[in-house]
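Assemble chain Y onto chain G, guided by the hints.
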Amino acid sequence: MGRFIARRLAGMVPFIFLVSITVFVLIKLPPGDFVSNYAASLAASGETVDDSMLAEMRHRYGLDQSWPVQYWHWISGVAQGDFGYSFKWQQPVSSLIGERMGLTLVLSFATLLFTWAIAFPIGVYSAVRRYTWGDYFVTLLGFLGLAIPGFLLALALMYAGITWFHQDVGGLFSPPYVDTPWTLARVGDLAAHLWVPMIILGTSGAASLIRIMRANLIDQLHQPYVETARAKGLSETTLLLRYPIRVALNPFVSTLGWVLPHLVSGSVIISIVLNLPTAGPLLLQALLSQDQYLAGAFLLLLCSLTVLGTLVSDILLALLDPRIRFQ
Amino acid sequence: MSDITAGATLPQTSRYATASEARLMWLRFRRHRLAFAALIVTILIYLVALLVEPLAPFNPDKSNGRYVYHPPQRLHLIDHTANGIRIHPYVFGEHLARDPVTLAAHYVPDPSQHVALGFFVRGDPYRLWNLFPGNIHFFGPVNPRDTVFLLGADRLGRDMLSRIIAGARVSLSIGLVGVGCSLILGIFFGGLSGYLGGRVDWFIQRVIEFILSLPTIPVWLALAAALPKDWSPVATYFTITLIISLVGWTELARVVRGRFLALRSETFVTAAWLDGCGQGRIIFRHMLPSLASHIIASVTLAIPMMILAETSLSFLGLGLQPPAISWGALLSEAQNVTSIATAPWLLLPGVAVAITVLALNFLGDGLRDAADPHAH
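If you read the sequences in order, they're chains G and Y.
88 is the number of the first residue of the first sequence in the numbering used here; add one for each residue after it.
896 is the number of the first residue of the second sequence in the numbering used here; add one for each residue after it.
This is chain G alone, in the form it adopts within the complex (with noise of 0.2 Å):
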């Protein structure tokens, strides 16, 4: 087992180059470099831009050499750990994306549990109940969470928030807790905020998962092996969980592997609607403003995110079913 995490490790290598490389293009993909943008927005604030002085930017920032050095020179930093410099926000990208990372993987882990909490027990319900009216309300919910998109959610849910409960349900913190050190008072902020985003993000992965949840254990069901524990006189309860239950939890963990990055992509819309301190509004606004290594750490490290996701599922894959091995 330690084998096989160490050659997926050193697998992961290449292709996080291959992914700084294609992150890299898509941040200068645009025309015009950080500096136009600047030389823009003072130009349309009446102000008078000087060639002389954004030629001297563009020397201090790097951008007059060209992509593959200015590449180099990003490549070797994240290398060391050094994630650059953020020209919008003067500061060291790393103190800007540390907690906003931080949050996106504590929001993104809690929607994973929340998701699992509810599409378990839904799903095996609708498969043993098959064809009842329970079943055709959850599987018509289910599909509602799938048609209905996150941040459409979000919008009627803050309108919920507004006219009924008087209460504004964006953000993470309330007031006096923004700009705090972490404290336990203020994980317990964090916590009485999370579930807004939580069910808004969980609810298409949760319909999806039961959805699978239920065709698997419906094909389970009438496997002979069942037929077997029935009449060896095991009740359905007990039957249900130690056989047909594990088999069909087995896509249910392997799907891990694309919930995780889904669910990252996914809150990356709902915080800027919600406005949350995570990766989502800060990226957003870095890539308008072309702002290129702040940019370029979020989508490195959200696709990073993707690859362990995959290794965890596989790892967790081969620890509950004893058929699949590591090879």
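It should be emphasised that the hints constitute simulated quantities derived from the structure, not laboratory data.
Just to be clear, a hint being listed does not mean it is correct.
To be clear about the criterion: a stretch of chain G counts as covered by chain Y if any three or more of its residues have a C-beta under 8 Å from a C-beta of chain Y, and this derived list gives those stretches [claimed, not checked]:
| id | stretch |
| --- | --- |
| 1 | 99-111 |
| 2 | 231-237 |
| 3 | 352-362 |
| 4 | 370-384 |
Remember, predicted model here, so these are calculated numbers, not experimental data.
For glycine and all other residues, C-beta sits at the position ideal for the given N, C-alpha and C.
Frame of chain G, contents of chain Y only:
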């Protein structure tokens, strides 16, 4: 059932025995009631997208400062007139009033005024598909100078119902065009990968895995942010479609590859090969037809994903920009708390998105069940 008597079974069996693959799929599909209902809803929605101009009661771009954030009006049917009860659609006239304390504007319905509505009425002139001039609207006020806001008005006093109908054309066609692009890419690369196997297969599979492991929304954001703001709406439209299908094709390619691999060892393919058929003939004449049903189902399930993607991008202001009208662009008006609180009807385009995606999902589900010959 009728299976008990041999006489009733026989024609039934022969009907199935002689039915073509498409006919069998259709018969299986018909049994799926929900999917059949979804098919009808989908056809209706696409008809709306096709006939935007005559269906929209007003010109969706016509703004009017007097009707800023006009709330939705209730439709009435029973009219108590002096000559007894008359049944026809109408709404109450409304006038603008100001709160004496806060001076906030709001609209007060006036039950003494009736705005009569009718079908096939004359209204704003239009050119259907930019070709045929006309001014007959399917539904609207009888007097062309009257206004009616069944779904409210936006911040420029434009009719939301007309705008939602107009947005259907862009949002729905982006789904179709995007799926078309991913279909071509997916069948080409998936087929190549599954049919040739070996190194080509290995390489294409690694590329697909690479694309699949990139988080979609951040990558879309980055690509869409690269679009110059001064491009024409048509150019933006096609680029956005391409960006969305850049990810979509990989799923289709996987489906096609998997089916190709399974089909390659089927006896009928070996038979065709032994008969001396060329590769092209084997692929297009023998293998593709048996893939068609699966491809149709996957495509139907891919369209709602594309629609959601466009909606999200335009909502963030990275996709289609106003004055272009799409459901996502309409929703971007409802981005902040204040506008939702003053005019919650700005969220209605989202309902249109949800209904469409729901119908397409049910339809795709039914088609997939119908396409699978092993389903019971």
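Verification of the hints:
Check on the stretch 99-111 of chain G: 5 of its residues sit with their Cβ under 8 Å from a Cβ of chain Y, so the three-residue criterion for coverage holds. Against chain Y, the stretch 231-237 of chain G contributes 5 residues with a C-beta closer than 8 Å to a partner C-beta. That satisfies the three-residue criterion, and the hint holds. Counting residues of the stretch 352-362 of chain G whose CB lies closer than 8 Å to any CB of chain Y gives 6, which reaches the minimum of 3, so the coverage claim holds. Here's how the stretch 370-384 of chain G fares: 5 of its residues keep a CB closer than 8 Å to some CB of chain Y, so the rule of at least three is met and the hint holds.
Checked against the numbered hints above, the structure violates none of them.
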